[in-house]
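Chains as they are written, first to last, in the working numbering: chain R, 1 to 315; chain W, 1001 to 1268.
For the record, the hints were derived by calculation from the structure and aren't laboratory data. Think of the CB as a built atom: it goes at the ideal place given N, C-alpha and C, for glycine as much as any other residue. Just so you know, not all the hints are guaranteed correct.
[To be verified] Interface residues of chain W toward chain R, partial, derived using beta-carbon atoms under 10 Å: (1) Pro1035; (2) Leu1102; (3) Gln1137; (4) Ala1139; (5) Gln1225.
Residues per chain, in single letters:
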Amino acid sequence: MRWRRTTRPSPRVADVAGVTRGPSRAPGEPRPHVAYLYLAPALVVFACFMAWPLLHALYLSFYEWDGLSLGTWVGLGNYRDVLTDPELRAPFVHSLVLLVFFSALPITIGMTLAAVMSRARLRGSGFFRTVVFLPQVVAMVVVAIAWRAIYAPTGALNDTLRAFGLGALTQTWLGDPTYALSAVGLVGTWVGTGLCMVLFLAGLSKVPRELYEAATLDGAGALRQFFAVGLPALRGELAVALTLTIVAALRTFDLVYVMTSGGPGRSTRVPSFEVYRWSMQEGKVGYGVTIALLLTAVILAVTVAVNKVAEAERA
Amino acid sequence: MTSRVERVGSYLVLSVAAVIALYPLVLIIAAALRPDQVGASGGLHFENFATAWQRGNFGTYLRNSVIVSVAVVVLSAALSSMAGYAFGTMRFRGSSVLFYLLLLGLMVPSEAVIVPLYYDLKALGLTDTYVSLIFPQVAQSLAFGTFWMRAYFRSSSHELVEAARVDGAGHGRIFWSILLPMGRPALLTMVLLVFMWTWNEFLLPLVMITDESLRTAPLGLSNFQGQYTAGTALLAAAAVLVALPVVLVFLFTQRHFIRGMVEGGVKG
């Protein structure tokens, strides 16, 4: 949050006293109630379509409910089941695997590309940036369909393997429980790398060129230069990239729904998909909503933790 | 400064990345232009797009997506500009509490909200309507939008606002005639991102919509995939149609787009 101002442009007594009334108003400054009029439409929509349903979710998580008849109060029963029943816990474990593909790989690859690009100052770097970022703006359903075709038994991936005489390595990628989750994850890498690269490029562009030149004079090679000069400047961007990619990994839904529907077997079930499956298909709304709330808690915790670490490092 | 070997190496690395990024997209475009029926003549089959549009009903789905996206973009832009104006230029009781409440909306995943919302809206008879597609997405965009516009209004010139006030301009005129026109770049960036998120949204229509004539483009595509497994060319053509609007908008406004993603992320 580097935009936060440390000093207000014109501190007034009213700020300190917490009162905004009467003579402390500057000439022409609107009365306080005007602010509420500007806020009202946003707050009403937010209250009805965000805050209220969230509270409703909390309420539903204490019930066993099929979505039609009257629900039965089960207290914390749903929470206990989700945390202890291996079948309900498995989706969260799958999320951990996806973290490697959605977060670790895109950040590593994105940082490498950004370092290469900002160092060499190549012609056409704008073109590379656009192209690598492009997957980020394509609808996930379209991405899923494109990659299903690539992973198909007679798809591009297996064809390529055969063309190189590696026919023994061909697989039914999405039909095999061993590979399906990683295959889906790799699509996440493909989508997320561009965003990470663009973030890191923006960070590196703020590093003064003289710092690199000084490092060159000191005889540091390209790699040493990056770790000594570039990387330390990227802390803020790294925190952002971590937050965005981790959240994306935890929330994966469209990809799984379209590519595998959680299969084969249960091998690609992830939390968001389970939320949908339990509450909209299996008629166990309490379960589904509880998974959603735990997912929310994990996302909040990760976001806060990453930013806390980043801020502590900066201080 | 950098050696020739290094330059070549850099180009090589970047080219490989570019090829990998483009390959799946090129593949699906190529698939869309292949003959749909076995034994049809070679060459490029642009009529696949027309067939998907008519027989696959994508004309209807894309129209729905346009209606929903435009409504969400207009409403979110209006509401977040107003809220951002209040947060950014006015002092009032509870401003920081309300602001942090809104920010929470940035972190709550829509999964946690959509299911209870479905039962709420069903009780009101509002599922299977545009309302059920538009307002939840406005609410989801508000957190980012308000945050983004507040940052703009805070950074706008304080002296300008005070001068206008002294000259007797009301809060409405300052908002509408001075700050908003000056804030067009910030507003445009926000509009582009909200448009992309709305156009690509999948879970919400999946949950809210059973009526075929109200499907949005991504939902229609997902259902199309279930039905026509054989017609890969048609499926690919439909997929290209669904992805195209956002891709085109991105290609023409990428500076705004990327700036929004970078600054919005760094600020968030």
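Hints not upheld, ascending by number: 1
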